[in-house]
Structure formats: C-alpha cells, structure tokens
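Protein chains in written order, with the numbering used here: chain A, 2 to 233; chain B, 528 to 925.
Because the hints were derived from the structure by calculation, they are not lab data. By construction, the Cβ of each residue, glycine as well, lies at the ideal position given by its N, Cα and C atoms. Warning: the hint list may mix true and false statements.
[Unchecked claim] What follows is a list of derived Cβ distance ranges for each label pair: (1) A:178 with B:544: 37 to 43 angstroms; (2) A:76 with B:886: 42 to 48 angstroms; (3) B:548 with A:193: 44 to 50 angstroms; (4) B:794 with A:100: 52 to 58 angstroms; (5) A:217 with B:894: 54 to 60 angstroms; (6) B:551 with A:143: 25 to 31 angstroms; (7) B:889 with A:71: 48 to 54 angstroms; (8) B:909 with A:14: 44 to 50 angstroms; (9) B:797 with A:143: 54 to 60 angstroms; (10) B:918 with A:71: 19 to 25 angstroms; (11) B:544 with A:193: 42 to 48 angstroms.
[As the list claims (entries may be wrong)] Under the rule of at most 30 angstroms between Cα atoms (straight-line distance), these lysine-lysine pairs were calculated in the DSBU-like manner: (12) A:79 with B:530; (13) B:530 with A:122; (14) A:79 with A:122; (15) B:840 with A:115.
Here is what each chain is made of, one letter per residue.
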Amino acid sequence: MSFIDIKNLNKYYSEGRNSFRALKDIDLQIEKGELLSVEGRSGAGKSTLLNIIGCIDSFDSGEYMLDGENIGRMSESKLASVRNSKIGYVFQDFCLVNHQSVLFNAMLPLFFNKTPYSAMKKLGMQALDKVGIADQAHKKANQLSGGQRQRVAVARAIVNSPSLILADEPTGALDSATSAQIMELLTSLNREGTTMIIVTHDKAVSDYCTRHIEIKDGVLSCLPQKSKDDAF
Amino acid sequence: MRKYFLILRSFYKNIIISAAFLLMITAIAELLLAYLAGTYRYYTRTDRLFEGMMHGNDAVCVSCFSLDGPDEAFYDTLDGMSAVKEIYRYEFCGNVTYNGRTVQLLLANAEMLRDYELLECDSFYSESGTENGLLQGIAVGDFTETKGEARDVSFGYGDGTVTVRIIGSIASPYYIPDLDVAATGLTSYDLIAPCGDTVIIKDSREVRELLGGSGFRISPKGLSFMILFNDCAESETQAVYDLLEENDLYYTDADTVAADSRKVTSDTLDRIMPLPVYLTLLSAILTFCFSILFLHSKMDLILTFYLCGCSKKRGYAIMISSLGAVGALATVMSIMILSADNGKTLMDLFNTEHFASDHTLYVLLICYWLFLLFLSAFASLLIYRRRSCAAVRRKVEL
Numbered sequence: 002m003s004f005i006d007i008k009n010l011n012k013y014y015s016e017g018r019n020s021f022r023a024l025k026d027i028d029l030q031i032e033k034g035e036l037l038s039v040e041g042r043s044g045a046g047k048s049t050l051l052n053i054i055g056c057i058d059s060f061d062s063g064e065y066m067l068d069g070e071n072i073g074r075m076s077e078s079k080l081a082s083v084r085n086s087k088i089g090y091v092f093q094d095f096c097l098v099n100h101q102s103v104l105f106n107a108m109l110p111l112f113f114n115k116t117p118y119s120a121m122k123k124l125g126m127q128a129l130d131k132v133g134i135a136d137q138a139h140k141k142a143n144q145l146s147g148g149q150r151q152r153v154a155v156a157r158a159i160v161n162s163p164s165l166i167l168a169d170e171p172t173g174a175l176d177s178a179t180s181a182q183i184m185e186l187l188t189s190l191n192r193e194g195t196t197m198i199i200v201t202h203d204k205a206v207s208d209y210c211t212r213h214i215e216i217k218d219g220v221l222s223c224l225p226q227k228s229k230d231d232a233f
Numbered sequence: 528m529r530k531y532f533l534i535l536r537s538f539y540k541n542i543i544i545s546a547a548f549l550l551m552i553t554a555i556a557e558l559l560l561a562y563l564a565g566t567y568r569y570y571t572r573t574d575r576l577f578e579g580m581m582h583g584n585d586a587v588c589v590s591c592f593s594l595d596g597p598d599e600a601f602y603d604t605l606d607g608m609s610a611v612k613e614i615y616r617y618e619f620c621g622n623v624t625y626n627g628r629t630v631q632l633l634l635a636n637a638e639m640l641r642d643y644e645l646l647e648c649d650s651f652y653s654e655s656g657t658e659n660g661l662l663q664g665i666a667v668g669d670f671t672e673t674k675g676e677a678r679d680v681s682f683g684y685g686d687g688t689v690t691v692r693i694i695g696s697i698a699s700p701y702y703i704p705d706l707d708v709a710a711t712g713l714t715s716y717d718l719i720a721p722c723g724d725t726v727i728i729k730d731s732r733e734v735r736e737l738l739g740g741s742g743f744r745i746s747p748k749g750l751s752f753m754i755l756f757n758d759c760a761e762s763e764t765q766a767v768y769d770l771l772e773e774n775d776l777y778y779t780d781a782d783t784v785a786a787d788s789r790k791v792t793s794d795t796l797d798r799i800m801p802l803p804v805y806l807t808l809l810s811a812i813l814t815f816c817f818s819i820l821f822l823h824s825k826m827d828l829i830l831t832f833y834l835c836g837c838s839k840k841r842g843y844a845i846m847i848s849s850l851g852a853v854g855a856l857a858t859v860m861s862i863m864i865l866s867a868d869n870g871k872t873l874m875d876l877f878n879t880e881h882f883a884s885d886h887t888l889y890v891l892l893i894c895y896w897l898f899l900l901f902l903s904a905f906a907s908l909l910i911y912r913r914r915s916c917a918a919v920r921r922k923v924e925l
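Chain A with its partners taken away, still in its complex shape (with noise of 0.2 angstroms):
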C-alpha cells in the first residue's frame, strides 16, 4: 500500500446556490521518501489538493489513506493528532507567531502533544540547529529575514520528526538565492526519508523534485518524471 492513496477524490465549494467543482475525480499515489511537487495555474486546485493532504481540509467524497490510515473517517481529535505528529507544513507566508521567539515557533507543536516541558526546549534547538537558525533562537520571529523565518517554518515543521511535510510554495516570498537555499534544505530533509509534497508555479523549484504532477481546472496529471540525479 502506498505512503499516501486517494482514490476518486471530489471537493467542492458552495458559491451561493451553485456549487464549484475544485477538484475531479483525483487519483493519486505517492510513495514514503518520495519528493513530488504539484504544479499548475493559480485556482488550478494545488493548494487545495494540499490542504486535504494536509487534514486541513476536508473532501465531498472519494478516498483518502495516509499511512494506512482512512482519513475521511477520522475523527476531528484524531485528525489533530495526525496534523501534530505526522505531518509538517510550510507555507509561503510562514504562518509564524511573530510576536514570539524563534524557540517558541520552533516548539509549538510540542505544545500540542504529550512531550513533557523539560524535553521541548531541547527538540526545539534540535530543529533550529539542523536548519542552520540556531543561534538566533531567543530574538523575535519578527525581527527575521524572509529567509530565516522560513527556516524557523522549517525547523516548526520538523520537530515532531513527521513522516510528511507539506509546502504551499515555500519560496514564493523569497528572493532566488534564498530560495535555492531552502530548496537545499527541504531536498536534505527528502534524502533522509521525509515524504514531500511541494506546490509551486516556480519551475527552478519544480527542478529539485524527483516526481510532478500537474492540476488542471481539477483535474490531475502527470507530468514526465525526473531521476534524483536529474534533480540535483
């Protein structure tokens, strides 16, 4: 069984008494460990493909296992715990507590689980270090360039070790070069196992993943794939 299997997936939005189809009949596979970035016209659908994916989002029908596990029956509680513990997310915006510190952003999602308070502050320098911010822990997530509070996002998102990470065009609001750099980051992350799906308009980004899939007017796909080696 594959790492994430959705199988004739609709969404709808209600727009006054019509309803719009964002997303047709959408069957996808994806593999543990592999790096699959999603492509296509803005309102194409990307980000809501995403955000189902995500759990934070739900669907109208279709199918939905992630790790072996239906997401559709899920549970709000549980579809919390697996946002938590399985799945990281990076957004274009960062969805940083910017009145906080770097530390805090870094850790809270140890907030969320039972990870006792002794333990957080040490994962949450863990994270900050292996994206290169540690030493800007304790200044303010506002007082940061676009290209660290990315990082911060980063760190965020891994600290509870998640088998998934999620990011809505993660360099959108960054220049080229700091872009590449996070590009850097998210591939290492990829090498050591972390399954990720990245949605981008961006071809220099959509060229570091190994696989692409492509969402026209809600309709899935798929775009020639690329070897790791094309990649790098």
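Starting from the known structure of chain A, arrange chain B on it as the hints suggest.
Structure of chain B alone, referenced to chain A:
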C-alpha cells in the same frame, strides 16, 4: 499546565492594550450592573421590609393625631383582645453618650429584629433580654464593634454610667419601623426609616425593671403603632377597629400601605432607572462586540495552533479561557472596588452608599462573568464553526 499557561500568555502578547481595554469595559459594565441592582434594591428595600414585617398577615397601621398618644391602659385593653396577635411599638429610653457620640436606647420587639433581612446579629437575646444582671443590646452603627464576641460597653448617662452587654452589631444603615408618622397617606417609606448610633434592647419585664432602676424614663416612640391580627371572626376584628375609633386613632390596612408604597417605588424607579438601564445595556453590548473583535484579532494565531496539531476543542478552550481570564480579572476588580468603597462616592460618579455590597451582589457579578464566558463560547463558535481550518483561513484572509 505550564504549557497551557505559555500558550495563553502567547495569546495575550502584542494585544495587551486591547486586553486592557476589554478589561476596563467589562469592569465598567459590571459596576453599572451593580449600580443598577443596588439602586433597585435600595428603592425597593422598604417595601420588602414592610412586607416581611407583616408576614402576610392581616394588619393595620395606626396613626394618632394628638401629641400624647394612647396610654398604657389602652394598649393593655388592645393586647387583651382576641383578634390581636401582636402589637409593634417602640419605646424610647433616652440618649446616652459613648466616646463623645450620642447614642439612643430603644426598647424593641425582638420578633421584628429576627425577621429583618439586613440584620447581621452574631447572636440573639436571652429570654429576659439580660445577662448577668446587665442589659443585652444590639449596637446599630459604627460607634462600637463586637468583632464576633459579646463585650460590655459603658455608656455615659447623666452623671453616671450604664453598662450594656453588646451581643451583636448591625451594619449601618439599619431600617427600623419609624412610628413617628401621623399622616393619612401612609407608605412604607413613612413607616420604615434608617437609624444609626442606636442600641436596641429587648422589651421584657426584667429589662424594664433594670431600666427603671437605672433612672431611665421610658416613653413611647412616635405616635403610631402596628397591629397584626389573628385568624378570627370579622366581628372580633371589627371590635378592634371600634376601639381604635373610640380613641381617635386613624388606621390604614397593611395591604393599602403596601400598594401605595409599591406605587411610590414604581414612580421613583420610572424616573431614575432609564439612564442606568440604558448605560448597562450599552456597556453589555460593547463588551460583547469587543469580545468578538478580540477573538477575531487572534484568528491567525488560532490557525497557526491548528496547523501545529491543536484540535478545535482545545482551540475553543484557549479562546474561552483568554476571554474568561479577562472577565475574571474584571470581576475581581469590580468586587474589590465595591467592597472597599461601600458607603462612599465612587470616582465622583456613583453614590455607592446604597450598593449594599453583600453576597448577592458578588453572586450577581460572578454570574455576569459566567454570562461573558458563555458569550465568548458563542462568539468563538460563530467564528470557528467552519468545518475546516482552510475554510477559516479563507474567511480570515477575506
């Protein structure tokens, strides 16, 4: 617990001014509510006291238009009639001095004292109203304090002193049937008035002997008294009325007095209540609106928590706790202000003399805080009720 505290602290960070503003407006709303409740209680107090005194019995309030009033023979005759259950009248024993202050001594009917809602006596009188040869008394006013224990207090009287065993104290103001009225249109406001710097002594044969022995001259207080009737035949009641008329005494039945009082109270409240009611409603609406704005301003933070694995239930708990903490602090502040300032003018705006800060007012304030908690739950449900985090995120971005 520490994790929860840190999360809550992060909730308040960067919005201290908004939280302080919400705290102030909540405290103002609570103080206005306390003022409204206190004002209502103040202006209805005599009605409640009067109805409590009458116990739902048939009763009449009797007035006299002469200065002397009826003699003891009249009261003995009246007391002996089968229809008469109780006669309420006070006797004035004279003034004494204590620490330069003039204190009056009253002989009172202990039945009335026991039923008064403002009574805060530590204990009640003995059967005879005396103890170890001393008069027992309850002090009304702040000229002395028992601090929970009975103590002997010596009062100056003429060239000598008289010692009274003070067995309890009543916080001023204390409302006593003020039977000085000789008027036709009676209300409870005429019959019940506050008194202070008084020692109330139980009316009994032993007490009268002691007082007479100390040189006190007992005289009736006021020109009126009240009669409570037994359940009896109409002819027996009529006999009482006949006796009163023979002695040129004018009487009004208690139901008429109560009705007239309620009318006076209603007219007074109609005149003075609209503005406090309006202000209280306005402050409650403002509190509700600012609570919603407060929560909405933190939706980004809640979304971030959600992404990190915070469940919706926990998210609700954080939102409700954040508002609840502000409300609790405001309630504590209001209770402290009301407790510390009782009887004075609060910020030169409200006269808190009639707030009557007691447990009922504090319960009211705590209920208001709980109501605010309910509102915050409702507000968070309004904002957070969407099925998914992504939907909430779209709404917030819009």
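### Pairwise beta carbon distance, residue 889 of chain B to residue 71 of chain A, judged against the given window 48 to 54 angstroms
Holds: the Cβ-Cβ distance is about 52 angstroms, inside 48 to 54 angstroms.
### Agreement of residue 79 of chain A and residue 122 of chain A with the hint, judged by alpha carbon distance not exceeding 30 angstroms
25 angstroms, holds
### Query
Is the hinted range of 42 to 48 angstroms satisfied by the C-beta distance from residue 76 of chain A to residue 886 of chain B?
43 angstroms, holds
### Query
Taking 44 to 50 angstroms as the hint, is the beta-carbon distance of residue 909 of chain B and residue 14 of chain A inside that range?
At 21 angstroms between Cβs, range violated.
### Assessment of proposed distance window 42 to 48 angstroms (beta carbons of residue 544 of chain B, residue 193 of chain A)
Holds, since residue 544 of chain B and residue 193 of chain A (Cβ atoms, about 45 angstroms apart) stay within the stated range.
### Message
Quick check on a hinted range of 54 to 60 angstroms for residue 797 of chain B and residue 143 of chain A, using CB atoms only.
### Response
56 angstroms, holds
### Query
Has the given pair, residue 530 of chain B with residue 122 of chain A, been kept, meaning a C-alpha gap of at most 30 angstroms?
With Cα atoms ~12 angstroms apart, residue 530 of chain B and residue 122 of chain A stay inside 30 angstroms; holds.
### Query
Do the Cβ positions of residue 178 of chain A and residue 544 of chain B conform to the proposed distance bound of 37 to 43 angstroms?
The hint (37 to 43 angstroms, Cβ to Cβ) holds, given that residue 178 of chain A and residue 544 of chain B are roughly 39 angstroms apart.
### Task
Please test the hint of 44 to 50 angstroms on the beta carbon pair from residue 548 of chain B and residue 193 of chain A.
48 angstroms, holds
### Hint check for residue 71 of chain A and residue 918 of chain B - Cβ pair distance inside 19 to 25 angstroms
22 angstroms, holds
### Task
Verify the proposed pairing of residue 840 of chain B with residue 115 of chain A, using a straight-line Cα cut of 30 angstroms.
17 angstroms, holds
### Outcome of range test on Cβ distance (residue 794 of chain B, residue 100 of chain A; 52 to 58 angstroms)
Given a distance of about 56 angstroms, which is inside 52 to 58 angstroms, the answer is holds.
In summary, the one numbered hint that this structure violates is 8.
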